[in-house]
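Novice: Sequence:
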Amino acid sequence: MNETRAPQMPRTAPPSAAPRRTPQRPAPAPLPVPAAAPDWPSRWHLIIPASIRNQMAALGLWQNPIPLIPSDHLMQTRAVLERYGWGRSLDFSPTGRMCIRGAQTFLEYTGHVTPTARARAVDYLQQTLREHGVHEAFFAWNDHQHRTFPQVKALITHAATAARKNGE
Numbered sequence: 020m021n022e023t024r025a026p027q028m029p030r031t032a033p034p035s036a037a038p039r040r041t042p043q044r045p046a047p048a049p050l051p052v053p054a055a056a057p058d059w060p061s062r063w064h065l066i067i068p069a070s071i072r073n074q075m076a077a078l079g080l081w082q083n084p085i086p087l088i089p090s091d092h093l094m095q096t097r098a099v100l101e102r103y104g105w106g107r108s109l110d111f112s113p114t115g116r117m118c119i120r121g122a123q124t125f126l127e128y129t130g131h132v133t134p135t136a137r138a139r140a141v142d143y144l145q146q147t148l149r150e151h152g153v154h155e156a157f158f159a160w161n162d163h164q165h166r167t168f169p170q171v172k173a174l175i176t177h178a179a180t181a182a183r184k185n186g187e
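In the working numbering, the protein residues as written are 20 to 187.
These are calculated hints, taken from the structure and not from any lab test.
Treat the hints loosely; a few may be bogus.
Said to hold, decoys possible - Simulated restraints on C-beta separations:
(1) A173 to W81: 34 to 44 Å
(2) S70 to D110: 19 to 29 Å
(3) L78 to K172: 38 to 48 Å
Claimed, not checked - Listed below are the simulated DMTMM-like cross-link pairs for lysine to aspartate or glutamate, each with C-alpha atoms no more than 25 Å apart in a straight line:
(4) K172 to E127
(5) K184 to D162
(6) K172 to E187
(7) K172 to E155
(8) K172 to E150
Where a beta carbon is used, it is the ideal one built from N, C-alpha and C, also for glycine.
Hey, can you work out the whole structure from these sequences and the hints?
Specialist: Here it is as structure tokens:
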């Protein structure tokens, strides 16, 4: 005998018995690998004023670097300090070492950051210091005798992370 069976409906559990899925939040975007520190500017870059370089770039005769957002600027500042050496008390030492402010000045002068983006990066540095109970300018904090380079790198990394979380 052939029995015809009615198609069976898939078995499902009542809604209360199904495990609840919690929406997973995406992991925060990791900080990029520190950008490569730029080379020292060429002699032409040092001789030609920025206004003329910008006019030459508009005509296609000069290639300016693309300015970075604050988080990338901070990571590039760290890379500059790692490449050329970190120092205190002077923006630029006679041996070529730089403090945080000196590295930022170097990057701004070579066109890797705009003055506005640099000011935002400084705001993030100051905010990070305030969160750790320090109420002085970052360049004064940099110049303390007991300051070490790992502390400076940690400050810059925390400031870059805060900037990245805010989309800058």
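Novice: Which of the listed hints are broken here?
Specialist: Violated hint: only 5; rest satisfied.
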